[in-house]
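Novice: Work out the full structure: start from the sequences and follow the hints.
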Amino acid sequence: MAAFDQLVTFLYVADLERAASFYSEVLGLELALDQGQCRIYRVTPTAFVGLCHGPERAGESDGVMVTLVTDEVDEAFARAAASGAAVDRTPGYNQRFDIYQAIVRDPDGNRIEIQQFRDPDWRRPASG
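Residue numbering for the sequence shown is 25 to 152, as defined by the numbering used here.
To be clear, the hints were calculated from the coordinates, so they are not data collected in a lab.
As the structure is a computational prediction, the values presented were derived from the model and not from experiment.
Note that beta-carbon positions come from the ideal geometry of N, C-alpha and C, so glycine has one too.
Do not rely on the hints blindly, as some may be mistaken.
Claimed, not checked - Label-pair ranges, simulated between beta-carbon atoms: (1) Ala110 x Ala26: 33 to 43 angstroms; (2) Leu55 x Asp143: 26 to 36 angstroms; (3) Pro79 x Gln119: 13 to 23 angstroms; (4) Ala38 x Asp143: 14 to 24 angstroms; (5) Val111 x Phe141: 29 to 39 angstroms.
Specialist: Laid out in structure tokens, this is it:
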């Protein structure tokens, strides 16, 4: 099996500046690399979300959801909702998966889940 070092999830957006503002200012993600047509934001030391200007492909993501795991679900949700993000699910407990979650949409309609695992078997990464 290949040994992977990092994960980058790319999303197509219609307006790169608008999307970049949401991911940096609202979600608080750090810009790791600006490639001009794409911007890559750090989520963890080895996980990233990339935004690529692609108006012809933006909004084609109903089968995709980016999940950001945090113990601050309510706070992150409040910032997103206050920014005008569409809300699919307000914060609440999901018994089926033993998680506490909220789901919002970024400016291009991509689903962003803000989640806290409650399952004691979840193997939280060691903080560095």
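Novice: Evaluate each hint against the coordinates.
Specialist: Against the structure, the hints come out as follows:
no.	hint	result
1	Ala110 x Ala26: 33 to 43 angstroms	holds (37 angstroms)
2	Leu55 x Asp143: 26 to 36 angstroms	holds (32 angstroms)
3	Pro79 x Gln119: 13 to 23 angstroms	violated (39 angstroms)
4	Ala38 x Asp143: 14 to 24 angstroms	violated (36 angstroms)
5	Val111 x Phe141: 29 to 39 angstroms	violated (21 angstroms)
In summary, the structure is inconsistent with hints 3, 4 and 5 from the numbered list given earlier, while agreeing with the others.
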